[in-house]
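Novice: Single-letter residue listing:
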Amino acid sequence: MTANASIKVLSPTAILGYGFPEKSFAAAMLLNPDVIAVDAGSSDPGPYYLGAGVSFTNRAAVKRDLRIMLTAARERNIPVLVGSAGGCGARPHLDWTVDIVKEIAAEEQLSGRLAVIPADVSKELLVSSMASGRLVALPPGDPASEDDVGSSTYVVAQMGEEPLIAALQAGADVIIAGRCYDPAVFAAVPINCGFDRALALHMGKILECAAIASTPGSGSDCMIGTLDAEGFVLETVNPERVCTISSVAAHTLYEKSDPYRLPGPGGALDLHQTKFEQLENGRVRVTGTRFIPSDDYFVKVEGARPLGFRTVSIAGARGPDFIAKVDEIIAGVRARVEDNFRQMPTGSWELIFRTYGRDGVMGALEPQRDLTPHELGIVIEAIAKTQDDADTICSFARSTMLHFGYPGRVSTAGNLAFPYSPSDFKAGQVYAFSLYHLLKVADPVSPFPFQLVNLEDRA
Amino acid sequence: MTRLIDVASVIRSKNAGPYELTFDIIFQDRFWFEEAKRVNLINSGLICSLYGIEEKDVLDIIAFEPANAIKATIKRPLVSGAIGETDVYGAQQHAPLLSLKFGDD
Numbered sequence: 000m001t002a003n004a005s006i007k008v009l010s011p012t013a014i015l016g017y018g019f020p021e022k023s024f025a026a027a028m029l030l031n032p033d034v035i036a037v038d039a040g041s042s043d044p045g046p047y048y049l050g051a052g053v054s055f056t057n058r059a060a061v062k063r064d065l066r067i068m069l070t071a072a073r074e075r076n077i078p079v080l081v082g083s084a085g086g087c088g089a090r091p092h093l094d095w096t097v098d099i100v101k102e103i104a105a106e107e108q109l110s111g112r113l114a115v116i117p118a119d120v121s122k123e124l125l126v127s128s129m130a131s132g133r134l135v136a137l138p139p140g141d142p143a144s145e146d147d148v149g150s151s152t153y154v155v156a157q158m159g160e161e162p163l164i165a166a167l168q169a170g171a172d173v174i175i176a177g178r179c180y181d182p183a184v185f186a187a188v189p190i191n192c193g194f195d196r197a198l199a200l201h202m203g204k205i206l207e208c209a210a211i212a213s214t215p216g217s218g219s220d221c222m223i224g225t226l227d228a229e230g231f232v233l234e235t236v237n238p239e240r241v242c243t244i245s246s247v248a249a250h251t252l253y254e255k256s257d258p259y260r261l262p263g264p265g266g267a268l269d270l271h272q273t274k275f276e277q278l279e280n281g282r283v284r285v286t287g288t289r290f291i292p293s294d295d296y297f298v299k300v301e302g303a304r305p306l307g308f309r310t311v312s313i314a315g316a317r318g319p320d321f322i323a324k325v326d327e328i329i330a331g332v333r334a335r336v337e338d339n340f341r342q343m344p345t346g347s348w349e350l351i352f353r354t355y356g357r358d359g360v361m362g363a364l365e366p367q368r369d370l371t372p373h374e375l376g377i378v379i380e381a382i383a384k385t386q387d388d389a390d391t392i393c394s395f396a397r398s399t400m401l402h403f404g405y406p407g408r409v410s411t412a413g414n415l416a417f418p419y420s421p422s423d424f425k426a427g428q429v430y431a432f433s434l435y436h437l438l439k440v441a442d443p444v445s446p447f448p449f450q451l452v453n454l455e456d457r458a
Numbered sequence: 000m001t002r003l004i005d006v007a008s009v010i011r012s013k014n015a016g017p018y019e020l021t022f023d024i025i026f027q028d029r030f031w032f033e034e035a036k037r038v039n040l041i042n043s044g045l046i047c048s049l050y051g052i053e054e055k056d057v058l059d060i061i062a063f064e065p066a067n068a069i070k071a072t073i074k075r076p077l078v079s080g081a082i083g084e085t086d087v088y089g090a091q092q093h094a095p096l097l098s099l100k101f102g103d104d
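Those protein sequence lines, which keep their order, are chains G and U. Reading the first sequence from the start, the letters are residues 0 to 458 in numbering that gives the first Met the number 0. Reading the second sequence from the start, the letters are residues 0 to 104 in numbering that gives the first Met the number 0.
Since the hints were made in silico from the structure, they are not lab data. Don't take each hint at face value.
Said to hold, decoys possible - For lysine to any residue, the following SDA-like pairs were computed, each having C-alpha atoms within a straight-line distance of at most 25 Å:
no.: 1; chain 1: G; residue 1: LYS384; chain 2: U; residue 2: PRO65
no.: 2; chain 1: G; residue 1: LYS324; chain 2: U; residue 2: LYS36
no.: 3; chain 1: U; residue 1: LYS55; chain 2: G; residue 2: VAL360
no.: 4; chain 1: U; residue 1: LYS55; chain 2: G; residue 2: LYS22
no.: 5; chain 1: U; residue 1: LYS74; chain 2: G; residue 2: ILE351
no.: 6; chain 1: G; residue 1: LYS22; chain 2: G; residue 2: GLY281
no.: 7; chain 1: G; residue 1: LYS324; chain 2: U; residue 2: GLY51
no.: 8; chain 1: U; residue 1: LYS55; chain 2: G; residue 2: PRO262
no.: 9; chain 1: U; residue 1: LYS55; chain 2: G; residue 2: GLY281
no.: 10; chain 1: U; residue 1: LYS74; chain 2: G; residue 2: ARG368
no.: 11; chain 1: U; residue 1: LYS74; chain 2: G; residue 2: GLU74
no.: 12; chain 1: G; residue 1: LYS425; chain 2: U; residue 2: ILE82
no.: 13; chain 1: G; residue 1: LYS384; chain 2: G; residue 2: THR371
no.: 14; chain 1: U; residue 1: LYS74; chain 2: G; residue 2: LYS274
no.: 15; chain 1: U; residue 1: LYS74; chain 2: G; residue 2: VAL360
no.: 16; chain 1: G; residue 1: LYS384; chain 2: U; residue 2: ASP28
no.: 17; chain 1: U; residue 1: LYS36; chain 2: G; residue 2: ARG133
no.: 18; chain 1: U; residue 1: LYS100; chain 2: G; residue 2: VAL360
no.: 19; chain 1: U; residue 1: LYS36; chain 2: G; residue 2: ILE244
no.: 20; chain 1: G; residue 1: LYS7; chain 2: G; residue 2: THR70
no.: 21; chain 1: U; residue 1: LYS55; chain 2: G; residue 2: LYS425
no.: 22; chain 1: G; residue 1: LYS384; chain 2: U; residue 2: LYS36
no.: 23; chain 1: G; residue 1: LYS274; chain 2: U; residue 2: ARG37
no.: 24; chain 1: U; residue 1: LYS55; chain 2: G; residue 2: PRO142
Stated by the list, open to error - Derived coverage of chain U by chain G (criterion: at least 3 residues anywhere in the stretch with Cβ under 8 Å from a Cβ of chain G; other residues may be distant):
no.: 25; stretch: 8 to 22
no.: 26; stretch: 40 to 53
no.: 27; stretch: 86 to 97
Said to hold, decoys possible - To give a feel for the contact side, a few chain G residues facing chain U, derived at Cβ under 10 Å:
no.: 28; residue: GLY52
no.: 29; residue: LYS299
no.: 30; residue: GLU365
Every value quoted in this text rests on a predicted model; they were computed, and no experiment measured them. Think of the CB as a built atom: it goes at the ideal place given N, C-alpha and C, for glycine as much as any other residue.
Generate the whole structure from the sequences, applying the supplied hints.
Specialist: In structure tokens form, the structure reads like this:
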């Protein structure tokens with residue numbers, strides 16, 4: 000237990016690489032934070048980044064943020080924790096981030112203990128867990144199959160704060176962790192110092208999106224949380240932003256289905272008794288949040304698998320007769336493509352026509368599909384087992400649609416306006432989420448063993 | 000006739016994990032939040048008719064007092080990023096809620 004009555008956590012940015020004003024960071028450091036923590040990831044950008052093992056953030060932007068955080072933290076000897084490294088937190092994302100950290104350490108001559116915590120889950124463990132009922136569906140998702148596991152390129156589990164605490168206790172100054180429950184990097188140091196788990200996690204839940212919980216909100220500005228024995232206080236360091244009860248409470252709703260019960264590794268935060276109180280100077284105090292442990296310890300697993308390759312063509316239409324008949328024209332083009340490539344096995348390719356200006360954004364959920372726009376944006380998309388096949392289907396659908404004859408056609412020179420030459424774009428490999436399930440683990444730490452190295456060591 | 004857009008400060012949609020889409024309506028003040036609850040403005044039948052979905056796919060509707068907010072969560076028509084996806088983040092599915100009004104037309 001720490002002798003301090005309170006502990007201060009700095010969250011510089013909503014996602015590592017999204018940036019923050021240096022002025023804000025300098026102002027935040029004047030408040031003497033005890034730890035700098037940042038969430039680097041999200042499953043929001045979709046399955047590609049996990050499946051392909053690449054980051055959705057930019058390397059130079061991540062290096063810029065990390066350089067400022069690491070140099071300030073090493074100078075003051077306070078810990079830095081990065082969760083869900085590289086966006087998705089699988090091995091390639093982790094290696095990518097550690098490489099950046101090592102580069103900065105060399106350039107800035109930093110020293111200290113670096114803990115690296117992978118979050119990858121082996122297929123063997125997943126298969127055996129499935130057999131013993133320890134891999135369970137997360138409704139409204141379906142139960143996992145062996146194929147879901149077998150076809151995945153990467154599978155990660157969201158660690159709680161416990162593996163981070165294990166690394167802190169081993170002497171880590173800097174922690175780069177694979178996939179994490181978002182609040183964990185903010186809560187680990189306070190919990191390790193003896194502060195209340197529920198309050199620390201709830202504070203982390205708000206800090207993980209940095210200044211998004213202030214008003215005007217921003218995902219690229221600093222937020223500070225100060226935790227004591229009874230509650231925590233949130234504040235910004237940019238005078239242009241304030242925390243209000245509304246901005247903080249509203250953030251509790253964000254990306255959650257039930258704001259009163261926020262499940263995570265080992266249990267759920269219960270907000271039924273939570274009180275939000277406005278303090279002077281644009282600060283908000285939060286008290287009363289409880290943590291209800293679950294009987295068994297579950298971690299969330301995420302996996303993605305490759306489906307094929309994509310090619311897209313972008314076009315527009317302005318002719319009212321074409322726009323009025325677009326559904327039958329699409330059906331006619333599709334029939335021509337199917338007929339022309341009968342030798343390609345059924346189901347080995349897919350062809351999608353997106354009609355922007357009508358239902359391109361909402362698809363099946365669009366209630367105003369029957370309105371006739373004066374202009375239509377069209378994206379022709381082909382997905383096939385190989386890039387060549389996707390190129391073939393897309394190209395053929397594009398040229399067929401361009402010159403497709405339909406009853407009443409007036410504009411006989413071409414149906415589509417293409418903004419680009421070439422008109423078709425190879426979008427590369429396509430992935431889908433294969434796993435989003437709960438895995439029962441025997442203990443919170445052992446699935447996430449850390450390695451401890453020195454920042455100054457060259458690989 | 001009071002329009003929702005005139006008494007709400009936030010009307011938004013977003014993924015809640017890859018299977019779910021969640022809508023948040025945050026009212027400007029407690030009065031309109033209470034009024035919305037009193038008239039049961041956001042209900043399962045309404046969400047079904049606005050989005051053309053079945054009742055079983057409306058997963059939850061919750062009033063969250065600390066934020067003067069009502070939240071509705073539906074099953075995504077497709078798992079986020081699946082083939083045919085139109086909105087990977089689910090951030091532009093809120094528009095049908097903008098035309099809601101209190102009371103009958």
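Novice: Confirm or reject each hint.
Specialist: Hints and how they fare:
no. : hint                  : in the structure
1   : LYS384(G) / PRO65(U)  : violated, 50 Å
2   : LYS324(G) / LYS36(U)  : violated, 44 Å
3   : LYS55(U) / VAL360(G)  : holds, 23 Å
4   : LYS55(U) / LYS22(G)   : violated, 50 Å
5   : LYS74(U) / ILE351(G)  : holds, 22 Å
6   : LYS22(G) / GLY281(G)  : holds, 18 Å
7   : LYS324(G) / GLY51(U)  : holds, 23 Å
8   : LYS55(U) / PRO262(G)  : holds, 23 Å
9   : LYS55(U) / GLY281(G)  : violated, 42 Å
10  : LYS74(U) / ARG368(G)  : holds, 20 Å
11  : LYS74(U) / GLU74(G)   : violated, 48 Å
12  : LYS425(G) / ILE82(U)  : holds, 16 Å
13  : LYS384(G) / THR371(G) : violated, 35 Å
14  : LYS74(U) / LYS274(G)  : violated, 30 Å
15  : LYS74(U) / VAL360(G)  : holds, 17 Å
16  : LYS384(G) / ASP28(U)  : violated, 54 Å
17  : LYS36(U) / ARG133(G)  : violated, 40 Å
18  : LYS100(U) / VAL360(G) : holds, 24 Å
19  : LYS36(U) / ILE244(G)  : holds, 20 Å
20  : LYS7(G) / THR70(G)    : holds, 18 Å
21  : LYS55(U) / LYS425(G)  : violated, 38 Å
22  : LYS384(G) / LYS36(U)  : violated, 51 Å
23  : LYS274(G) / ARG37(U)  : holds, 23 Å
24  : LYS55(U) / PRO142(G)  : holds, 19 Å
25  : 8 to 22               : holds (count 10)
26  : 40 to 53              : holds (count 4)
27  : 86 to 97              : holds (count 7)
28  : GLY52                 : violated, 16 Å
29  : LYS299                : holds, 9 Å
30  : GLU365                : holds, 8 Å
Comparing the model with each earlier hint shows violations of hints 1, 2, 4, 9, 11, 13, 14, 16, 17, 21, 22 and 28; every other hint is respected.
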